[in-house]
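Chemist: Each chain is listed here by its residues.
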Amino acid sequence: MTEIARQNNGQAPVQPIKAATNRLNLTKQDYRGSPSTLCKGCGHDAITASIITACYELSIDPKQIIKLSGIGCSSKTPNYFMNQSFGFNGTHGRCAALATGAGLANHTLKPIGVSGDGDSASIGLGNFAHMMRRNLNITYIIENNGVYGLTKGQFSATADQGTRTRRGVPNPWQAMDLGSLAIISGATFVARSFSGDRKQLTPLIKAALNHRGAAILDVLSPCVIFNDHEGSTKSLRHIRDNREPVNTIDFIPSYEQIETDYDEGETIHIPMHSGVVTLHKLKDHDPTDRIRAMTVLEEANQQHKFLTGLIYINPGQPDLAEVENLTDTPLARLEEAQLRPSAEALESINASLMR
Amino acid sequence: MTEIARQNNGQAPVQPIKAATNRLNLTKQDYRGSPSTLCKGCGHDAITASIITACYELSIDPKQIIKLSGIGCSSKTPNYFMNQSFGFNGTHGRCAALATGAGLANHTLKPIGVSGDGDSASIGLGNFAHMMRRNLNITYIIENNGVYGLTKGQFSATADQGTRTRRGVPNPWQAMDLGSLAIISGATFVARSFSGDRKQLTPLIKAALNHRGAAILDVLSPCVIFNDHEGSTKSLRHIRDNREPVNTIDFIPSYEQIETDYDEGETIHIPMHSGVVTLHKLKDHDPTDRIRAMTVLEEANQQHKFLTGLIYINPGQPDLAEVENLTDTPLARLEEAQLRPSAEALESINASLMR
Amino acid sequence: MGASIVNDVNISIATENGSGSASSNTVLFKSLYKMGLTCSSKNLFPSNIQGLPTWYLIRVSKDGYLCRKGEIDVMVAFNRTTLAADVDQVRPGGIVLYDDSSPLPPGLERDSLSFVGVPATRLVHDNIKVPQLRVKQRNMVYVGAVAQMFGISLDIVAEVLKDTFGDKPKVIEPNMICIELGFKHMAESGFEQDVARLEAIPGGNAGKIMTEGNNACALGAIFGGATVVTWYPITPSSSVVEYMIAQIGKYRTDDQGKARYAIVQTEDELASITMAIGAGWNGARAMTSTAGPGLSLMQEGIGLAYFAEVPCVIIDVGRAGPSTGLPTRTQQSDISAMHQGSHGDTKHIVLIPHDNPSAFRFSCEAFDYADRYQTPVFVMMDLDLGMNLSITEPFEMPTAPMDRGKVLYKEDLDALTEPFQRYLDKDGDGIPYRTLPGEDHPDAAYFTRGSGHSTDANYTEDHTVYRDLLDRLRRKYETARNDMPPPIVENGAATDIGMISFGSSYEPTREARDCLTARGLPMNHLLLRALPLSPDVGKFVAQHEIVYVVEQNRDGQMTQILRDDFPRYADRLRPVLIYHGLPPAPWEIIKIIDEMRAAS
Amino acid sequence: MGASIVNDVNISIATENGSGSASSNTVLFKSLYKMGLTCSSKNLFPSNIQGLPTWYLIRVSKDGYLCRKGEIDVMVAFNRTTLAADVDQVRPGGIVLYDDSSPLPPGLERDSLSFVGVPATRLVHDNIKVPQLRVKQRNMVYVGAVAQMFGISLDIVAEVLKDTFGDKPKVIEPNMICIELGFKHMAESGFEQDVARLEAIPGGNAGKIMTEGNNACALGAIFGGATVVTWYPITPSSSVVEYMIAQIGKYRTDDQGKARYAIVQTEDELASITMAIGAGWNGARAMTSTAGPGLSLMQEGIGLAYFAEVPCVIIDVGRAGPSTGLPTRTQQSDISAMHQGSHGDTKHIVLIPHDNPSAFRFSCEAFDYADRYQTPVFVMMDLDLGMNLSITEPFEMPTAPMDRGKVLYKEDLDALTEPFQRYLDKDGDGIPYRTLPGEDHPDAAYFTRGSGHSTDANYTEDHTVYRDLLDRLRRKYETARNDMPPPIVENGAATDIGMISFGSSYEPTREARDCLTARGLPMNHLLLRALPLSPDVGKFVAQHEIVYVVEQNRDGQMTQILRDDFPRYADRLRPVLIYHGLPPAPWEIIKIIDEMRAAS
Ligand SMILES: Cc1ncc(C[n+]2csc(CCOP(=O)(O)OP(=O)(O)O)c2C)c(N)n1
Ligand SMILES: Cc1ncc(C[n+]2csc(CCOP(=O)(O)OP(=O)(O)O)c2C)c(N)n1
Ligand code: SF4
Ligand code: SF4
Ligand SMILES: [Mg+2]
Ligand SMILES: [Mg+2]
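Protein chains in written order, with the working numbering: chain A, 1396 to 1750; chain B, 1396 to 1750; chain C, 65 to 664; chain D, 65 to 664.
Calculated from the structure, these hints are not laboratory results.
Model, not experiment: these values are computed from the prediction.
Warning: the hint list may mix true and false statements.
[Unchecked claim] In silico lysine-lysine, DSBU-like type, Cα no more than 35 Å apart, as pairs:
| no. | chain 1 | residue 1 | chain 2 | residue 2 |
| --- | --- | --- | --- | --- |
| 1 | B | Lys1676 | A | Lys1700 |
| 2 | A | Lys1547 | C | Lys193 |
| 3 | D | Lys470 | A | Lys1505 |
| 4 | A | Lys1700 | B | Lys1700 |
| 5 | A | Lys1594 | A | Lys1676 |
| 6 | A | Lys1594 | A | Lys1700 |
| 7 | D | Lys200 | B | Lys1547 |
| 8 | D | Lys655 | A | Lys1458 |
| 9 | C | Lys603 | D | Lys490 |
| 10 | D | Lys232 | D | Lys193 |
| 11 | B | Lys1413 | B | Lys1700 |
| 12 | A | Lys1435 | C | Lys272 |
| 13 | C | Lys272 | A | Lys1547 |
| 14 | A | Lys1458 | D | Lys314 |
| 15 | C | Lys234 | A | Lys1547 |
| 16 | D | Lys200 | D | Lys314 |
Please put together the full structure from these sequences, using the hints given.
Modeler: What follows is the structure, given as C-alpha cells:
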C-alpha cells in the first residue's frame, strides 16, 4: 500500500488526476460502484465503504470477485461497490444458496455475499445455516439493523426483546443471535462488528476475504429511518454505548512484512490463506476455542452487550470446493471435450444396458 | 395410576376384557392409532409406543391433543397413535408452522409435533427455529435417524461427519446439532433421548407434555433399513455404545404425591405447569443453566458421545398464546357476535373515512 | 380564473420520495375531496425509502372518471433529476410549475407550455427557522401555489390540515405558513392559467369515503371474522395487515383486555401459508396476505389446503412481475398463479374486487367462501387498487350472517345415523362435512393429510378412490361456479362487440368504452368479479361477435381461462394487454383496439 | 403347452414391498428381454419402505405395444392382504398363481379362473437353511413357476441371474435353487395353461437396450455436459441424480482424480433451484431434478431464472398430485406449473420425451436450449417413464456440438464496436448476449437482478423500458417456437379426426388409435414433444375437425395451452383425461372417446 493510499484511507482521492493506486495499479475509484440509493446516513453505506477500502487496500482484482445478495436495502449494496465485478441481486433469503451454486461453478472466484437480518435470520435462515455447514468459501456480510428496512421498518428476528418501535411498542420476541447460529452451523470464521467502526470492520473484512471457508460478519448497521430512535437497541447511540470489543485485528497480506508493535502477551498471530491475522486482545478470549466463542456470545447477550471483534476462527477445515474435490479448471470453463463422454463411451453404455 | 396400569407399563393389557384403565377410564387401547406401516424394528415405532404410554399414564384426554407432522417415515407416525385425536400430516418441513397456526387457533389443545431429521434439520430448519423463538406450547419430537428414511436412505443434516453409508462411503459434512439449535433459538425445554431407552424417554415425554412452551425432544431413532449397519454412527449398536445419559427424570403429575427416594444431593425438583419433574443427575449438569447446556452438548459432540437426558429447561417464559394475549375462548370457537363489529361500528368507520 | 373548463384537470406532482411530498400530496387531494369534486389519485413511488423520483397524479373529472388519464395538464416539477422528462409529459397548452429558487436548466422551455416558477426553496429558507423542517416543508409550497392557481380556498386546505394532523398545532403551523407562502407568491405573480378552474360542489362527495383498497380489505377481513392472520411484509401488500393491526384492537378486545385475534408476522411466506392452514384446520378463520414472490413461495401450501380441504383466505396484492419485477408498480399478472396455484390439478376460487366497497365486501365474504367450500380462497387485489387513495361509496354492512359451512358439532354428531365420514360427498355438491379439533365427541376426530385418502380420511393408494376424490374436488369447484358474485353487465347499445374487464381494469375500461361509444363504436361491458367464471360470463361472450378482454398482464392470463372454459367462443376473445406497470389509461385501451381492428 | 396365442400375455405380480419381489420381478422381466420378446413392465409400488402391497405388471405383446394393457391374464397372487381384490382383476379364463402353503381363503375360487398353487413358503422353508434369506427367496419361487408355465428356459433365467448379480455365487445360488423349486413343482403338478405360450425370438431384441427413463435422463445430462447438479430427494425423481452419482465419475474424473462435476444434495428445493441459478449464472451447465412438491417450492426461483435470463435445466418427474398426492403413482399434471411457472407473466420451454431414447436426447439437449435461450428449461418426465424398465432403441450420440449460446468471451468483447449491453436484442430474436463471471476483460462485468433493468443491466423503473423487456422475453419464447423438436405426425388415413398425445401418453394413445382404426374409426396421431407449441401442431389441429388430446391430468392442462395458442380451433380440442395414477390403458382412452362421441 502506498503512502498516498494510506492517507486517503476510506476516502475518495482528492486529486483524481494523480489518484493513488494499489499493487494492481487500480485507484480506489476502480473499486466503487453505482451511486447508492440508500437513505443518507444508512449504516449499510458505511459498510460498503469498508468493503471498498478493504478490497482496494488488498489489491484484489475486481474480476476475481463475485457479489451476491438477497433482497432488502442491504441486499442492494452490491450494486454500490466494485462495478468491475459481476453481481447478482437474487431473491429474498437466497443469497446463501445463490452463492453456493456460483461457488461450485467457479471456485476460483471469491464470492462476497451481502445480506440483511431479515434476509438471513428469517426467510433465509435454513439456506444460510446450510451454506455454513458446507463451509462455502465466501465472505458473507450481514448488515444487521434489527428491522426490515426496505419494507418500512417491521422488526426482524434479530431485534432484541424489549426494543421499541418508533411508537414505543416493545418487541416481545427473543432475538436470534446470528453469531451463535454461525458457530453451531459450522462457519469457520465468525466476527461481529459495527458499521460505525471502520477501524475494526475494515481489517475484519480483509481477514474474511483471505479466509478459505465460510466467513460470517454480523455487522450492526443502524437503519436511520426506522430503527434509530430512543428506545431502540439498534440505534447508533445504543450500539455505540453498549458495544464491547473483545479484540481488534490487523490483517497483513503475505506480501507485506509483519511488524509486531504490540505487547506480545496480548497478541495472537493466526496464519491465513494468504496472510496473517494479528489479533489484539481487549478481553480474554481465544477465538480458536469453539466452546468459548459460544459462551462469550451468550454471556454478552445476557448482559445486553454487543460483543464485537473476531469471535471464532478455524482456518483448518476444507471448504466446499475441496470437499467436492473439484478439478482445478472452474467447472464453468470446461470444454465439450472435457464434459461430453465419447461416442465409444456411449456405445459401451448401450452395450451395458443390453442385459 | 392404578396398580394394574403400573404393571402393564408400556405393554398392551394381556386381558382385553378386563383391560386396565386410567383416571379417565380409558384403556391403553384408546391411546393407540392405526397399525403402523413402518418397517419392522424401526425406532420410530418404539417412540410411538412411548408416546402412547406417556399419554395413557398421564390420563390425557385424547380430544385435547392435536397431532401434527411433516413428511417422512417419522411424520407418518401421528397416524399410529391416539386415533381419538385430530391429526394433520402436512408438507415436508412445515410441521412447526402448521403447529403454530393450530396453536393460535386453539390454545387450549396441546399439539404433539412429530418430525424427522430431514424434516426439521434441512427443509424445515427455518420454520423450526422460529417456532422455538416464539415458544409455541408444543411437544415437538424429532425422530432422528441421520437419514431420509422415506426417500431411501440419503444422509440427512444430522448425520455425523465420517459416518458411513451402507456401501462404506463416509459423510464429509458436519452434523447439525438440533439440541444446540433448539437452545440458541429459544426453546424452553430441550431433551435428547433414544428410542431404545423407554425408561428415559417416556418420562421425558410426560414432562414435555406438561411444559408450557416449546419442548423439543431430539430422539435418536435408528432406521433399521438404511442406517443400521457397521460404520454408521446412528446404528442401534453405535448409539447404545456411545450414549451418555446426563440424567434421568421422573415426571410426577400434580395429582400424585411426590416420593423422594433418591439421594437429595443428586436430585433436583423442577416445578412444571401441572406437576413436578424430579431429575436424577448422572453427571454434574444443571439443566436450568443455558450456557452450560450449550457447553455440555458441544463437549459431548467433540467427544463423539450422544448426550441424553434433560439438557435444558426454562419453565418461566411466556408461551406464544400468552405473548399474543389470547382471549380464553379459543379463537376457533368465537361466535359471530364476538367477531363481527356492529353496524354502528361500520358507520363510524365510514364516518371516519369522510375526511 | 379565466379558464373555461370547469372541474376537469390532470396534475402530476414530481418529487423525491422521503422528502415529505406524501403529506403535501395528500393534503392537496383531500382538499379536492372536501370541495366535493370527483377526483382520484395515483401514487407512482419507487422501490426504495429515500431520494428516488416519485410522482403523484391527481385527476379531477367532471364526468366522473377515476382512472389515470395519461395526459398531463399541469406538472408540478419539483424534482430536478427528472425535470426534462417531466416537462415532456405535459400536453401542449399545459403548465409546468417549478421551483425557481435556481434557474431552469437551459433547453427546457418550450412555447407550447407555460412555465411558472415558485421559489419554494428560498421561501422556506427565509421563513422557516428550524433547518430540519425545511426539506419537508418545501413541498407544502406547491400546495399553496396550486391552490391559488386553481381556486382552492385556503380555508379548506386548513381544514384538511386539521383533519390530518389533529391536535398538533406545532405540525400544522409551519405547514400552513408554507402553503400560504406558495399561495401568496402565485397571487402576486399575476399568472393566470387557462387550463381549468375548480369550483366547489357543495355536497358533491357527501356520504362518500376516502381510503385505500388495502385498508378496505383489512376492514373487510375484520368484519369477516378473521381471527388468525399471518403475514410476511412485502410491497404492496404489507398495509393490509398493518392496517388490521392498527384497527382490530378496537373491535376485538375482550373484557379482560385480551385479544380475540392473533396477528403474527412470520419468518417467511412458507410459514405464513402453513400457519394459516394449521389455523384454518383447527377452526379459525385464517388468512394471509402477500404479493407475487410470496405467492410463488406459497404454492406448495396452497396445494395442501386445496387437497386436504382446509379453509383459508389469501389476499394477493398484485405488482409488476415476474420475479422481483417492479415492486412498486401495478399489474394483474398473478392470475394463473392463483387460479391454478400449486403442482398437480388444482382450481381455486378467486374473488376480484374492482373498488373499495367491493374490496371490503369480498375480503369479508372470502371467509364465508373458504368455510363453505373448505378450500383456499383468493382475493385478487393490486397495487393500483390497494395503495391509492380513492373516493367511493361507503362500506356496506354484510347482510348475511357468517357462514361457517358444513361443520358438525357435538349435537350434529350425536344426531348422525351413519358414521361420520370426513370426505363423503353426502349432498352431491362436492362439499363434505367437517368437524373441528377439540370437539368433545368420540367420533369427531379424523386424520388430515395431503396424500391420497378415502372418504373416511384413511390413507389409501387405491386408484379409483383417488380418481373419485379428484372428481369430487372438481365438482366442488363447479358448485362454486353458480355461487360466485355474478358479473355486472353494462349493456348500452345493440352491438355485437363486448368488453370484459375485472379488478382495477374496470375503471379505465369503462371510460374507454364510453369514449368508443361516443365515437360511434358502441360496446357492451362486463365486469368479471370471480373465478370460477359464472355461466353469465359465457352468455355474454356468446352474445357478442368480438369480446375484448382488458387485462394488465402480458400473456392474457384471464383470456386463457375464458378460452378454456368457453372453447366454442375462444376466437372471439381478444386480449387487450397493458402491462407496463402503470395503471392503464383509457387511450391505451382504445389504441390497442383500434390497432386490432385496423389489422383485421 | 397347448396355448394357441403366442407371445402375448399380461401378468400381474402381487407381493409386499421390501420382500425381495423387486429382484424376482426384474429377473423375470429380463428373461423375457433375453428371449427377444417385445415386453414392458409397470411397477406399482406403495409410498413406504416395507410391508405394503405392490404390483408388477408384465406385458408381452406380439404386436409391439408397450403400455399397460389393463386386462390381466395371469395373477401371481403372492400377497394375502390383497388376494381377494387381485383375483377380481383377472379376466375370465385367466390364471391365479398363489402360494398354497396355506389354503386359499374361502369364497375366492371361481369357475372362470384357473387357480394354481405353488407352496412357496413351504418349499423355501424346507430348502433354504438360513432363516433370514427365506422371506426374500420366497418370491423367487414364482419366477420358476411362471417360467415353467410359459416356457421360459431356466438357462436364460440363470444367465439373467448372472448378469444381475455378477460374480456373487453366494447370492445367485439360493435364488436359483428357489427358482428351480418353483419350476419343478409346476412341472410336477401337471398343470397346463392355455392362455398363451412364449417362444423365444432369436435376435428379437438385438441392439435394444433396457433401462429406466430416469437413468436415460441421467445419462443424457452427463452427455449434455451438466457440471453443477443440485437435488433434494423426492420420489419419483431421486433416481435421476442417484444414477448420475453412480455413473458420472467414470467420465468426468481428471488426471489427478478430481471431479469435473459437482453434485450437491441440498437442504431443500429452494436451495436446489437457487444453487442451479447461481451456477448457471456463473457459467456452469446447471441442473436440478424434482417432482411436484419440489416444483411448487421452486416457483420463485423459476421466475428469477426467467427474468434474469439465467440458463438452468429442471427435470420434473411427474407423480400424482395435487399436494403429496400419490407419490408413487404417475400423472402428467405439472404442465401449468412448469409452462407458466412462477408469479407474473412467464412462459417456459418444456421438452417432453416419450421414451428412453428421447429422454436421453432431450435431457442432453436441454442444456443447449437453456444456454441458447438463457432461460430455465424443463424436461417433463413422469413416474411411468422414469421408474419403469423398458426396452427401446439404444441411445444416440448427439450429432451437434454443445451450444453454449450467445456468450461473449474476451476476444469477442475486444472485437465489439459498441459498448457491451447485456440485455440488448441485437439480433431481433429476443436473445441477448451474455458474458461469464471471471472473464478477464474490463467491460465484461454486468449486474444481474430479478427487478426491472435496462438493456445495459442497470436498475430502472421506467415503464417503457419495462414493457420492452417483457416484450423481448416473449419474443424469445416465440423464437424458440420454431426451434423446438417438431411433433411427430403419424397420419394414417384420410380422416378428419386427430389425436394428440405427449410423453408417456404416447404409447397407450398409439395403441388406442390402432384399435379405433381397426374398428373402422381411423384417426391421425400427433406426438407433441415440446412447449412452446410448434406451428406444425397448429397445422395438424387445423386439418382435423375433432382432435382428442390425451392427457394424464384432470383439468386438461395441455388442452388449455392448445386452446389459448390456437383459439380458432379451441372447440375442436377435446381432452381425454385419465388421472387415476396408473399408466393409462388403451381401453380407457377408447371408452372416453366412445362416450364423447355418443354424447355429441
Ligand atoms: C419472498 C419475498 N417476500 C418478501 C419480500 C419483501 N421484502 C423485501 S426486502 C424485505 C426485508 C428486508 O429486510 P432485511 O433483509 O433486514 O434488509 P434491510 O432492508 O433491513 O437492509 C422484505 C420482507 C420479498 N422481496 N420477497
Ligand atoms: C417438498 C418436498 N421435498 C421432498 C419430499 C420427499 N421426501 C419425503 S420424506 C423425505 C425425507 C424424510 O426424512 P426425515 O424427515 O428424516 O424422515 P424419516 O423418513 O427419516 O423418518 C423427503 C425428502 C417431499 N415430500 N416434499
Ligand atoms: S430504510 Fe433503513 S436500511 Fe433502508 S436505506 Fe434507509 S436507513 Fe438504510
Ligand atoms: S425406512 Fe427406516 S425410518 Fe423408514 S420405516 Fe423403515 S426403518 Fe423406519
Ligand atoms: Mg434489516
Ligand atoms: Mg430421518
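Chemist: Each hint should be assessed against the structure and marked as holding or not.
Modeler: Now the hints, each set against the structure:
Between Lys1676 (chain B) and Lys1700 (chain A) the CA atoms are separated by roughly 33 Å; this keeps the pair inside 35 Å, and the hint holds. Pair hint Lys1547 (chain A) plus Lys193 (chain C) holds up; C-alpha atoms about 29 Å apart against a cutoff of 35 Å. With a CA separation close to 25 Å, the supplied pair Lys470 (chain D) and Lys1505 (chain A) stays within the 35 Å bound. The straight-line distance between the Cα atoms of Lys1700 (chain A) and Lys1700 (chain B) is roughly 33 Å, inside the 35 Å bound, and the hint therefore holds.
About 15 Å separates the Cα atoms of Lys1594 (chain A) and Lys1676 (chain A), which keeps this hinted pair within 35 Å; it holds. For the hint pairing Lys1594 (chain A) with Lys1700 (chain A), the CA-to-CA distance comes to about 20 Å; that is within 35 Å, so the pair holds. Between Lys200 (chain D) and Lys1547 (chain B) the alpha-carbon distance is near 18 Å, which keeps this suggested pair within the 35 Å criterion. For the proposed pair Lys655 (chain D) and Lys1458 (chain A), the alpha carbon gap of about 64 Å is over 35 Å, so the pair is violated.
A C-alpha spacing of about 46 Å is found between Lys603 (chain C) and Lys490 (chain D), which places the hinted pair above 35 Å, so the restraint is violated. Among the hinted pairs, Lys232 (chain D) with Lys193 (chain D) is consistent with the structure: their alpha-carbon atoms are about 18 Å apart, no more than 35 Å. Our distance criterion of 35 Å between C-alpha atoms is broken by Lys1413 (chain B) and Lys1700 (chain B), whose separation comes to about 45 Å. Among the hinted pairs, Lys1435 (chain A) with Lys272 (chain C) is inconsistent with the structure: their alpha-carbon atoms are about 40 Å apart, more than 35 Å.
Simply put, Lys272 (chain C) and Lys1547 (chain A) have alpha-carbon atoms about 30 Å apart, close enough for the 35 Å limit, and the pair holds. For the hint linking Lys1458 (chain A) to Lys314 (chain D), the alpha-carbon distance of about 34 Å falls within 35 Å, and the restraint holds. Straight-line distance between C-alpha atoms of Lys234 (chain C) and Lys1547 (chain A) comes to about 25 Å, which keeps the hinted pair within the 35 Å bound. Only pairs whose Cα atoms come within 35 Å are accepted, and Lys200 (chain D) paired with Lys314 (chain D) is accepted, the gap being roughly 32 Å.
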